[in-house]
Amino acid sequence: MDKKEATILKWLLAINATMFFVELSVGWFAQSTALMADSLDMFADAAVYGLALYAVGHSARMKLRVAHLSGWIQVVLALGALSEVFRRFVFGSEPVSTLMMSFGLVALIANIICLILISRNKEGGAHMKASWIFSANDVIANLGVILAGFLVALTNSPYPDLVIGLVIGLIVLNGARRILRLES
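Its first residue numbered 1, the sequence shown is counted upward by one per residue in the numbering used here.
I should point out that these hints are in silico values taken from the structure, not numbers from a laboratory.
Heads up, a few of these hints could be off.
Simulated restraints on C-beta separations [as the list claims (entries may be wrong)]: (1) PHE86 x ILE116: 29 to 37 Å; (2) VAL90 x PHE150: 18 to 26 Å; (3) ARG178 x THR155: 28 to 36 Å; (4) PHE150 x LEU173: 20 to 28 Å; (5) THR155 x PHE29: 33 to 41 Å.
Even glycine gets a Cβ: it sits at the ideal position worked out from N, Cα and C.
Make a model of the complete structure from these sequences and hints.
Right under this line is the structure:
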């Protein structure tokens, strides 16, 4: 089982690390807090998958420690995303809806692949449960980015982007809470 878990986690790490750079770059260019919040979530996931990869083959106690560390990483990144939403609310932004929708769709496809990969082993240990929670949250966040892009185009307002960026930050924070409550 450990070798199978390691292979899955390597794939999850590669997909999320790649999407972090893609979404961060496009989110910055598109002035989208939703894309940038999602990119930070991808970074947190990549870090978590790297930590979970380290936990493979270790004791249940070590796996739980790694899961809890990943939860705290999620807390820090969620707070960073929420502060970016606040900054853009105060100073303004003009999000590019077409980029939001198209790269939200790319991220959705990537995260569905991750969810399929991890779903077979989500009961493996705390580190695998945490990984499944991250992937499930990401699918929800990606749908939010696509919706925000559509609403920005429809209303010609940055507020849908800010609202979805806020929601993604809160989803990440809730995922962190769930992980920090894991006991096995």
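Status of the hints after comparison with the structure:
Taking 29 to 37 Å as the suggested C-beta distance range, the pair PHE86 and ILE116 conforms, at roughly 35 Å. A beta carbon spacing of about 25 Å between VAL90 and PHE150 agrees with the range 18 to 26 Å that was offered as a hint. In this structure the hint that ARG178 and THR155 lie 28 to 36 Å apart at CB holds, the actual value being about 33 Å. Distance hint check for PHE150 and LEU173: the Cβ-Cβ separation is about 25 Å, which falls inside the suggested range of 20 to 28 Å.
Remark: the range hint 33 to 41 Å for THR155 to PHE29 is contradicted by a beta-carbon distance near 21 Å.
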